[in-house]
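Asker: If you want the building blocks of each chain, they are given just below.
2 protein chains.
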Amino acid sequence: MNTTRRNFIKKTGLAGMAGLSFPVAGMANSKISTMDNLKKERPKILFFDVNETLLDLTTMKESVGKALNGKSELLPLWFTTMLQYSLVATAGNHYEDFGEIGAATLMMVAANNNIKLSRDAAKEAISPILSLPPHPEVKDALGRLKEDGYRLVSITNSSNAAVEKQFTNAGLLDFFEERLSIEDLGKYKPHADTYNWAARKMGVKPGEAMLIAAHGWDVAGALWAGWRAAFISRPGQQQYPLAPSPEIAAADLKIISEKLIALEK
Amino acid sequence: MNTTRRNFIKKTGLAGMAGLSFPVAGMANSKISTMDNLKKERPKILFFDVNETLLDLTTMKESVGKALNGKSELLPLWFTTMLQYSLVATAGNHYEDFGEIGAATLMMVAANNNIKLSRDAAKEAISPILSLPPHPEVKDALGRLKEDGYRLVSITNSSNAAVEKQFTNAGLLDFFEERLSIEDLGKYKPHADTYNWAARKMGVKPGEAMLIAAHGWDVAGALWAGWRAAFISRPGQQQYPLAPSPEIAAADLKIISEKLIALEK
Chain A
27 MNTTRRNFIK KTGLAGMAGL SFPVAGMANS KISTMDNLKK ERPKILFFDV NETLLDLTTM
87 KESVGKALNG KSELLPLWFT TMLQYSLVAT AGNHYEDFGE IGAATLMMVA ANNNIKLSRD
147 AAKEAISPIL SLPPHPEVKD ALGRLKEDGY RLVSITNSSN AAVEKQFTNA GLLDFFEERL
207 SIEDLGKYKP HADTYNWAAR KMGVKPGEAM LIAAHGWDVA GALWAGWRAA FISRPGQQQY
267 PLAPSPEIAA ADLKIISEKL IALEK
Chain B
27 MNTTRRNFIK KTGLAGMAGL SFPVAGMANS KISTMDNLKK ERPKILFFDV NETLLDLTTM
87 KESVGKALNG KSELLPLWFT TMLQYSLVAT AGNHYEDFGE IGAATLMMVA ANNNIKLSRD
147 AAKEAISPIL SLPPHPEVKD ALGRLKEDGY RLVSITNSSN AAVEKQFTNA GLLDFFEERL
207 SIEDLGKYKP HADTYNWAAR KMGVKPGEAM LIAAHGWDVA GALWAGWRAA FISRPGQQQY
267 PLAPSPEIAA ADLKIISEKL IALEK
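Going line by line, the protein sequences match chains A and B.
One point on numbering: in the numbering used here, the residue at position 185 of the first sequence is 211, and numbering is uninterrupted.
One point on numbering: in the numbering used here, the residue at position 1 of the second sequence is 27, and numbering is uninterrupted.
Note that these hints are calculated values from the structure, not bench results.
Treat the hints with care, as some may be off.
A pair holds if it fits inside one copy or across any two, identical chains being indistinguishable in the list.
[To be verified] Distance condition first, Cα-Cα at most 30 Å in a straight line; then the derived DSS-like pairs of lysine-lysine: (1) K142 x K280; (2) K65 x K165; (3) K291 x K280; (4) K97 x K87; (5) K66 x K165; (6) K97 x K142; (7) K142 x K87; (8) K165 x K191.
Same shape as in the complex, but just chain A (with noise of 0.2 Å):
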């Protein structure tokens, strides 16, 4: 689906009309509705998501692609198996953190396809994490965010110490007023209780926050939360077909950025 809007949004050079409101009446495809969602009010805050959303991977799929003897077709498996157990710790509430998660489940597709992988040479591969450089428009989209008066707080599935080695290496520590760690909950996004809890904590109610990131599970689990939501269709990232539309689904942040500053203030 994603595939068709980007497809559709360069088809037709809309992606240079972001910040414009249009109508859709009449379009064929009806899946660029999404883009006309947008509410009139700015969000009080902007709960932004982290891996993926703002950090590039792949220097880390490439490490973990060796570790898996280079069949990088493997990488979705395992990062949606890491996923998956991020959410079997929670429900069975059994928090661990998502580096060791990471980790122990790259080493059990590594043996479902007769790789040895230790712990640690599972640990070495997923390391790269700490040290991932930002999409390339992700610092400036993000600066005129705050220079156009929005507040920008992280919330991410990586520990406290994690994000905070991340954003030091990639050079986005200064743009937030806060960073958020599921760690303090012990449980991981899409918890409901995650984005409550956020939101508490910075002093907004769910509908006053909007969380940007580019997972389906994220902006389902916000929306259902109450919360406001934007989704980046980063490349293999799919909106979740049995979650409500987010207000805005787009390719990049620079998109997304340009039409929250377009918002009256």
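Following the hints, position chain B against chain A.
Answerer: Relative to chain A, chain B alone:
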């Protein structure tokens, strides 16, 4: 790890010795020690997971593979994504039927691979889940356990209507004293509530219940909830390295049933 264990069993012919308890001291392969964890007391009730544990998913995988334009390498990714989103629904308090989640996640995996798939086509592709055959050893093993006096109960992520159809088609209906579906709770396994609910419903304490399942996450959830557990290491299935070890880990239900029948009454 299970591969190692299975290979070890094959090599040494231990599978044929199933039911015997033997000392593992001095064995070079420490993984085998899980075979020796079995407590002396009989579990009061044996709870069986259904999909993959009792039923062979091959025919469904074939039809899903066709829907993915023959890209059968995507099947583990789809199945994992379905499990991930069953927990997304649980964490977000937005339960949907397992079949709906299966179809929605199949659409997502298809879209990520530039394959167009309607919701109807996705549902059609996974519909063979209702008519899966049991794994070859299952009926005999269930029959022997029942004859031996064990109480057998099924507990599945499939809906009540789905598991009734599955058992009718597979000829498994009469083996079980009760068919439990997490549909009654609106929370998917391995949420702690599902095991607590099942034990209370059947009138046993957590430590008197044993789960038998082919999924690392299911065994983990049961153990975390205070249950006993046995893991069937079906191909492509791994135990979760961050969970405690089950009392039994074996390649099929025949081996597990023989070990349980060997326990004193």
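Asker: Next step is simple, just say for each hint if it's right about the structure.
Answerer: Each hint, compared with the structure:
1. K142 x K280: Between copies, since 28 Å is at most 30 Å while 42 Å is not.
2. K65 x K165: within (25 Å within a copy, 58 Å between copies)
3. K291 x K280: within (19 Å within a copy, 69 Å between copies)
4. K97 x K87: both (11 Å within a copy, 22 Å between copies)
5. K66 x K165: Classified as within; 25 Å inside a copy, 62 Å across copies.
6. K97 x K142: Both ways: K97 and K142 sit 13 Å apart in one copy and 25 Å across, limit 30 Å.
7. K142 x K87: both (18 Å within a copy, 26 Å between copies)
8. K165 x K191: within (17 Å within a copy, 54 Å between copies)
When held up to the earlier numbered hints, the structure conflicts with none and fits them all.
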